[in-house]
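These protein sequences, in sequence, are chains A and B. Under numbering that gives the first Met the number 0, the first residue of the first sequence carries the number 0, and numbering increases by one thereafter. Under numbering that gives the first Met the number 0, the first residue of the second sequence carries the number 0, and numbering increases by one thereafter.
What the hints contain is simulated information worked out from the structure, not anything from laboratory work. Do not take every clue at face value.
Any copy, or any two copies together, can satisfy a pair, since identical chains are not distinguished.
Taking lysine to aspartate or glutamate pairs in the EDC-like style, the calculated list, with each CA pair at most 20 Å apart, reads [unchecked claim]:
no., residue 1, residue 2
1, K73, D193
2, K73, D197
3, K73, D188
4, K73, E187
5, K73, E217
6, K82, D41
7, K320, E97
8, K320, D173
9, K320, D140
10, K94, D60
There are 2 protein chains.
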Amino acid sequence: MSPGSRIAVDAMGGDEGLAVMLAGVARARRQFDGMRFILVGDESAIRAGLETHPHLTAASDIVHAPEVVASDTKPSQALRRAKTTSMGVAIDLVKRGEAAAAVSSGNTGALMAMAKLSLRTMPGIDRPALAALMPSLGDTDTVMLDLGANTECDAQNLVQFAVMGAAYARTILDLESPRVALLNIGTEDMKGTDIVRDAAAQLRGASHLPLRFEGFIEGNRLSRGDVDVIVCDGFSGNIALKTAEGTARFVADLLRRAFQSSIRSKIGFLISRPATQLLRDHLDPNNHNGAVFLGLNGLVVKSHGGANEVGVAHAIAVAAKMVRDDLTRRITEDLSNFEAQAA
Amino acid sequence: MSPGSRIAVDAMGGDEGLAVMLAGVARARRQFDGMRFILVGDESAIRAGLETHPHLTAASDIVHAPEVVASDTKPSQALRRAKTTSMGVAIDLVKRGEAAAAVSSGNTGALMAMAKLSLRTMPGIDRPALAALMPSLGDTDTVMLDLGANTECDAQNLVQFAVMGAAYARTILDLESPRVALLNIGTEDMKGTDIVRDAAAQLRGASHLPLRFEGFIEGNRLSRGDVDVIVCDGFSGNIALKTAEGTARFVADLLRRAFQSSIRSKIGFLISRPATQLLRDHLDPNNHNGAVFLGLNGLVVKSHGGANEVGVAHAIAVAAKMVRDDLTRRITEDLSNFEAQAA
Chain A
0 MSPGSRIAVD AMGGDEGLAV MLAGVARARR QFDGMRFILV GDESAIRAGL ETHPHLTAAS
60 DIVHAPEVVA SDTKPSQALR RAKTTSMGVA IDLVKRGEAA AAVSSGNTGA LMAMAKLSLR
120 TMPGIDRPAL AALMPSLGDT DTVMLDLGAN TECDAQNLVQ FAVMGAAYAR TILDLESPRV
180 ALLNIGTEDM KGTDIVRDAA AQLRGASHLP LRFEGFIEGN RLSRGDVDVI VCDGFSGNIA
240 LKTAEGTARF VADLLRRAFQ SSIRSKIGFL ISRPATQLLR DHLDPNNHNG AVFLGLNGLV
300 VKSHGGANEV GVAHAIAVAA KMVRDDLTRR ITEDLSNFEA QAA
Chain B
0 MSPGSRIAVD AMGGDEGLAV MLAGVARARR QFDGMRFILV GDESAIRAGL ETHPHLTAAS
60 DIVHAPEVVA SDTKPSQALR RAKTTSMGVA IDLVKRGEAA AAVSSGNTGA LMAMAKLSLR
120 TMPGIDRPAL AALMPSLGDT DTVMLDLGAN TECDAQNLVQ FAVMGAAYAR TILDLESPRV
180 ALLNIGTEDM KGTDIVRDAA AQLRGASHLP LRFEGFIEGN RLSRGDVDVI VCDGFSGNIA
240 LKTAEGTARF VADLLRRAFQ SSIRSKIGFL ISRPATQLLR DHLDPNNHNG AVFLGLNGLV
300 VKSHGGANEV GVAHAIAVAA KMVRDDLTRR ITEDLSNFEA QAA
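Generate the whole structure from the sequences, applying the supplied hints.
Next up, the structure:
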């Protein structure tokens with residue numbers, strides 16, 4: 000990232016508290032040399048928390064914000080406190096150009112509402128969407144959006160998510176014409192809601208877009224690597240994402256039970272431990288933490304509310320890489336190029 | 000099951016063809032002594048397929064149906080061919096009391112439409128829902144519905160699914176007051192769509208119902224055993240179910256890769272193979288195949304379109320157990336008892 004660019008961190012958001020946020024930022028700092036931070040929140044609490052992090056202290060500025068957005072705050076309530084909450088102030092630093100990105104582990108709905116109001120959406124985009132890279136059996140990760148920012152979506156929203164997701168995949172995964180599919184409950188044309196069918200019809204007809212529309216994809220093929228971008232409304236996307244996380248943990252728990260079921264399997268477990276440990280790391284959601292709001296004139300990364308130190312560090316690394324790659328400018332250019340071609 | 004009761008099998012539905020259906024029925028017959036079948040479909044093809052299954056031949060009658068419901072047939076089209084398709088004829092045998100249950104691996108939407116029109120819903124129930132038992136870390140399996148029969152649902156539908164799901168859990172899992180939760184994208188009251196929030200408000204107020212309403216549950220806790228019944232619309236339920244299946248397979252694939260990554264881990268794998276084999280069996284969707292339509296005046300079981308012989312046998316076993324337990328009568332009584340108490 001360019002010298003002097005800073006990442007604003009909502010130090011107060013999330014379920015795990017200030018100490019975990021600071022430990023996560025400190026860990027990210029060790030990975031990204033020369034990165035600087037603006038820690039936003041209760042100034043005296045942050046100063047006290049920083050006492051055990053001398054290197055982070057040297058790499059950080061503190062901006063005081065007296066209030067915190069609680070996990071059960073409605074977006075409309077949060078908007079009224081944009082100027083006084085750690086989340087709102089962190090986003091405002093991006094708007095004013097003082098930070099290159101903002102990272103928060105707070106309430107998704109509030110973050111979405113504040114980021115949209117403050118940073119505004121890109122030309123041609125009605126609503127931002129929350130996108131993340133999911134592990135897959137393919138050569139690259141898979142982009143999935145929306146993961147919970149928009150509980151209900153119309154066909155036009157889904158088409159815009161497809162365009163933004165493809166632009167993201169071109170930028171981050173370096174794919175010329177990403178394969179895009181809509182999440183649905185079957186692959187036949189007549190399956191699903193009117194909304195997904197309408198979105199599919201629009202995408203099939205939009206041959207000028209720099210993507211290959213592959214039709215519908217079902218939940219059982221999300222991680223097969225068949226497509227590069229999976230598009231859905233925020234309700235089903237959030238359910239799919241969390242179900243995948245929960246199932247991975249469920250299988251790991253069953254595996255642990257299986258390995259403990261006999262002396263023989265315990266011995267086998269000890270021998271193959273390096274391999275199973277690799278798998279455990281690969282599946283740990285903290286190692287995939289950090290979803291980005293696509294479609295905004297500025298970078299905002301959502302970290303999972305329950306992320307641990309490793310998870311917070313990963314979300315900050317996601318933000319740092321996008322700052323380094325100048326993602327917002329590149330996606331904006333990409334979208335306007337194709338709008339110009341289509342015109 | 001009572002002597003003489005028979006299960007009607009749509010021998011033609013499903014992606015795997017007649018041979019797999021017949022092999023599955025033959026396998027189920029070996030598990031359930033004295034069970035009899037009505038095999039519905041192309042008579043000469045069924046006769047030819049039965050040549051390698053003498054015991055099944057002795058336990059079966061054949062009812063001819065000239066047509067098959069294709070996987071891309073719309074429900075409205077299927078309804079017009081209810082009298083001539085293997086699926087429609089199998090359901091009609093239940094309606095006329097000639098079979099105690101029908102099992103089909105065909106198109107879910109068509110099966111739902113035909114079953115609803117032919118068997119009608121129970122008093123007080125507007126729409127049937129597809130329910131299945133999901134493996135969990137708890138003491139018992141978890142009932143989940145709807146899994147894809149109703150793409151869109153209103154709050155009233157979800158409340159009825161909760162009541163039917165609880166009745167099913169009382170009957171099948173022998174629980175007096177099952178814990179019921181609504182699938183949502185957060186646990187706070189303000190999360191989700193108006194529809195799930197409205198359903199939650201109704202369930203919170205319905206203290207006369209023989210269930211404990213536990214509020215919202217997120218996708219990452221579906222298999223933790225925290226609740227006994229998980230209620231959702233068919234779109235998100237189908238996505239959650241298939242995502243769970245796909246993720247379990249994804250983890251198993253990664254585990255295989257991990258075990259093959261070094262000589263050391265290959266040896267560990269060979270030693271612990273009996274344990275990992277048990278886990279593989281436990282997670283194989285074929286061993287959980289067979290979802291039941293709740294809320295109909297008759298038993299109809301949906302088998303997965305891609306089920307193998309083991310899966311088909313499992314779906315038939317699900318039907319056989321419900322016939323034996325007289326499920327439809329017991330759920331009807333349960334629902335009317337509580338309606339009487341509420342009145």
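Results for each hint:
no. : hint        : result
1   : K73 x D193  : between (29 Å within a copy, 14 Å between copies)
2   : K73 x D197  : between (31 Å within a copy, 17 Å between copies)
3   : K73 x D188  : between (37 Å within a copy, 10 Å between copies)
4   : K73 x E187  : between (38 Å within a copy, 10 Å between copies)
5   : K73 x E217  : between (32 Å within a copy, 18 Å between copies)
6   : K82 x D41   : within (14 Å within a copy, 72 Å between copies)
7   : K320 x E97  : within (18 Å within a copy, 66 Å between copies)
8   : K320 x D173 : within (14 Å within a copy, 54 Å between copies)
9   : K320 x D140 : within (16 Å within a copy, 43 Å between copies)
10  : K94 x D60   : within (17 Å within a copy, 74 Å between copies)
The structure fails none of the hints (numbered hints given earlier).
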